[in-house]
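Chemist: Here is what each chain is made of, one letter per residue.
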Amino acid sequence: MATYDFVFSSLGLEDWCSDGQSDAPMSMAALLQKTKGTDAEAESLWDLPFPSMDALNESCAAFPKSRELTKGLEEGFLSIKDSLSVVLDPLTQPLSWFLDGTLYGMLNTPWWIVIPALLAVVFVVTKSWKLVGFVAGSLVLLAFIDYYQYAMETLSIIFVCAFLCVLLGVPIGIAMSRSDMMQRLTIPVLDMLQTLPPFVYLIPLIFLFSVTESKLYGIAIILYAIVPVIRLTNLGIRLVDKDVIEAADAFGMTSQQKLFKVQIPLALPNIMAGVNQTIMMSLAMVVIASLVSAPGLGVLVLQGIRNLELGVGLVAGLGIVILAVILDRVTKASLARINASQKQ
Amino acid sequence: MDRDIKISIRNLYKIFGPIPDVALAYVRRGMGKAELLEKHNHVLGLQDINVDMREGEITVIMGLSGSGKSTLIRHLNRLIEPTAGEIEVDGKNVLNFDEDGLRKLRREQMSMVFQKFALLPHKTVLENAGMALLVRGHTVRDFEDEAKKWLARVGLEGNENQYPHQLSGGMQQRVGIARALASNSPVMLMDEAFSALDPLIRSDMQDLLLELQEELKKTVVFITHDLDEALKLADHLVILKDGHIVQQGEPQEILMHPNDPYITDFISDINRARVLRVRSVMAKTTEPPADCAGDISDRDNLESVIARSEGDTDLVYRVVKKGNQVGILEMKELVKALVPVDASEGDNRSRY
Numbered sequence: 001m002a003t004y005d006f007v008f009s010s011l012g013l014e015d016w017c018s019d020g021q022s023d024a025p026m027s028m029a030a031l032l033q034k035t036k037g038t039d040a041e042a043e044s045l046w047d048l049p050f051p052s053m054d055a056l057n058e059s060c061a062a063f064p065k066s067r068e069l070t071k072g073l074e075e076g077f078l079s080i081k082d083s084l085s086v087v088l089d090p091l092t093q094p095l096s097w098f099l100d101g102t103l104y105g106m107l108n109t110p111w112w113i114v115i116p117a118l119l120a121v122v123f124v125v126t127k128s129w130k131l132v133g134f135v136a137g138s139l140v141l142l143a144f145i146d147y148y149q150y151a152m153e154t155l156s157i158i159f160v161c162a163f164l165c166v167l168l169g170v171p172i173g174i175a176m177s178r179s180d181m182m183q184r185l186t187i188p189v190l191d192m193l194q195t196l197p198p199f200v201y202l203i204p205l206i207f208l209f210s211v212t213e214s215k216l217y218g219i220a221i222i223l224y225a226i227v228p229v230i231r232l233t234n235l236g237i238r239l240v241d242k243d244v245i246e247a248a249d250a251f252g253m254t255s256q257q258k259l260f261k262v263q264i265p266l267a268l269p270n271i272m273a274g275v276n277q278t279i280m281m282s283l284a285m286v287v288i289a290s291l292v293s294a295p296g297l298g299v300l301v302l303q304g305i306r307n308l309e310l311g312v313g314l315v316a317g318l319g320i321v322i323l324a325v326i327l328d329r330v331t332k333a334s335l336a337r338i339n340a341s342q343k344q
Numbered sequence: 345m346d347r348d349i350k351i352s353i354r355n356l357y358k359i360f361g362p363i364p365d366v367a368l369a370y371v372r373r374g375m376g377k378a379e380l381l382e383k384h385n386h387v388l389g390l391q392d393i394n395v396d397m398r399e400g401e402i403t404v405i406m407g408l409s410g411s412g413k414s415t416l417i418r419h420l421n422r423l424i425e426p427t428a429g430e431i432e433v434d435g436k437n438v439l440n441f442d443e444d445g446l447r448k449l450r451r452e453q454m455s456m457v458f459q460k461f462a463l464l465p466h467k468t469v470l471e472n473a474g475m476a477l478l479v480r481g482h483t484v485r486d487f488e489d490e491a492k493k494w495l496a497r498v499g500l501e502g503n504e505n506q507y508p509h510q511l512s513g514g515m516q517q518r519v520g521i522a523r524a525l526a527s528n529s530p531v532m533l534m535d536e537a538f539s540a541l542d543p544l545i546r547s548d549m550q551d552l553l554l555e556l557q558e559e560l561k562k563t564v565v566f567i568t569h570d571l572d573e574a575l576k577l578a579d580h581l582v583i584l585k586d587g588h589i590v591q592q593g594e595p596q597e598i599l600m601h602p603n604d605p606y607i608t609d610f611i612s613d614i615n616r617a618r619v620l621r622v623r624s625v626m627a628k629t630t631e632p633p634a635d636c637a638g639d640i641s642d643r644d645n646l647e648s649v650i651a652r653s654e655g656d657t658d659l660v661y662r663v664v665k666k667g668n669q670v671g672i673l674e675m676k677e678l679v680k681a682l683v684p685v686d687a688s689e690g691d692n693r694s695r696y
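So the protein lines, in turn, are chains A and B.
The opening residue of the first sequence carries number 1 in my numbering; numbering runs sequentially from there.
The opening residue of the second sequence carries number 345 in my numbering; numbering runs sequentially from there.
It is possible that part of the hints are untrue.
[Stated by the list, open to error] Below are the DSS-like pairs computed for lysine-lysine, each with C-alpha atoms no more than 25 Å apart in a straight line:
hint	chain 1	residue 1	chain 2	residue 2
1	B	K383	A	K261
2	A	K242	B	K448
3	B	K665	A	K258
4	A	K261	B	K493
5	B	K383	B	K585
6	B	K448	A	K261
7	B	K561	B	K492
8	A	K258	B	K467
9	B	K665	B	K561
10	B	K383	A	K127
11	A	K332	B	K467
12	B	K628	A	K261
13	B	K436	B	K448
14	A	K258	B	K460
15	B	K676	B	K628
[Unchecked claim] Computed list of chain A residues with no C-beta within reach of chain B, every gap over 10 Å:
hint	residue
16	M53
17	S59
18	D180
19	V189
20	T212
21	V244
22	M253
23	Q257
24	V262
25	L266
26	V315
Hints were generated in silico from the structure; no laboratory data involved.
Predicted, not measured: the structure shown is a model, and the values here were computed from it.
The C-beta atom is built at its ideal place from N, Cα and C for all residues, glycine as well.
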């Protein structure tokens, strides 16, 4: 006897319930009760269980348990997995090539080419010798303590993923800014992507792709980091001065001219702020993605945790901080340059 | 008054709200703005507007904020769609234009100057001035000379490579005017173009506009809330209140014969001696006066005549237009004209 027997009896569902009672293994509670032998102890109101799936199952064996819900989800996912892979695999294959190619390129080019090249990029986007000096110092330090390879792996993954985030995110943001319907549909998805704990991204991906493929962590990073660039592109375009848009209309600009000559240039400070956030979030995710075989400094952190190698973990963490500071300063400095040229 | 009609607005209505057509039926049956807002939650923007704008004239649309003047000017190039009515430019109904036709109208027929300048902050002054040409697909090199010419014409020589934020408000608006002029369109729409400028610069800009107009003879539609500005610029003055036209006509005519207490109230504060012209006060006759104190032009304002008479109210002047006498002006009449006229319906100014 269980608490909610009356529900099923009053609904006349006893036959249906007993159908399910075939030869299912006895539950632990039932077993315990049997061994105790005390069957009909009066239950106080204090112990009234919530009518949850498990509690109802006790009264009616045909009623599913909550474990069956999660199990059903698993089975459902596994059954569509194969057909999903047929579609997703070729679609995402270029991501693997892109990641592998960049990693190969970065690691097989000698350091005396890579470091000056990175410094040149820093100078072009920031025009600041101070920052170039800072980046040079940091890279030399990382290389000196033999973390060069790991740092470069992490950097190349971030470059590829952030680049793809911008490539996909800016058009999505533009589409959102042009249609309120699109915005209404996209915002819940973005909210979900932003609030989902980073580890949860990995779960369905592990089922879908093989852990040895680099696209697995690539997708996880892109999904996690694409949100700010979409949001800020949308916001930036919507915030463009209405008077300027009106002037563009009054002079007969086509919507394409308006987009490329007015809206995007004026939204650029916001878009760049989004890119900065996207890069920082890729860095956060690339560390977590080392759980699914993403190379780089994250692997060392993981090694520190697994093997209790305190020093390795801490120094790798420090390396991540240095990379984060470099990326943040460089993108912020280029953002400041854009802002300076756009004062109203 | 013998110029062609360039823009003609017929029975124009604009109602803001979710179902303007239904609200329009109520308005046509005589429902007022306040009642419409209260009962049906629709805002009556414009009500039965009829204006003819002549080629080569400055038509000034004046009203206080909320009177619908900015809404009205945006109907001319359809930045706002009307609820009902017709807008004809050169005899063609603008409302029948498709997207391409409308774009062509905006690119080639009309240019606009904005209250808040609305320049592109990331482009140089030169590129801003050439915006209309850029939109038509010309490159900077193509329009450089044209844009430079107009920038020089508005007094911005040497500022071509600066950015708008490096210029003062008055200079930014000069760029705005150069931008409108460089499009070479026959119609220029000016939406409170000088309202954001300080009084001295505003006066400069008004002079600049009149000077340019003397030379270019564009059809200008000018929106303002400032009566002095309206009287200074207008060939044809339209006074709006709560979305309908209270009075329109020649500014001198409105000053001498206001037909509404609202207008009487409006014009009671202005310096009549400065805005009234001799031709509005003179007695029309070709008979030479008995003792003539001298010749004055019909376009002189009363202030200059008073200065000339040195305050003597017994003098009589001969009014001359292009060398021929068109009337006489007694100083006594002039002094009478300086007293504000009440509305023709009688003395109901106290209502306001």
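Chemist: Could you work out which earlier hints the structure fails to respect and list their numbers in ascending sequence?
Modeler: 1, 3, 10, 12, 21, 22, 23, 24, 25
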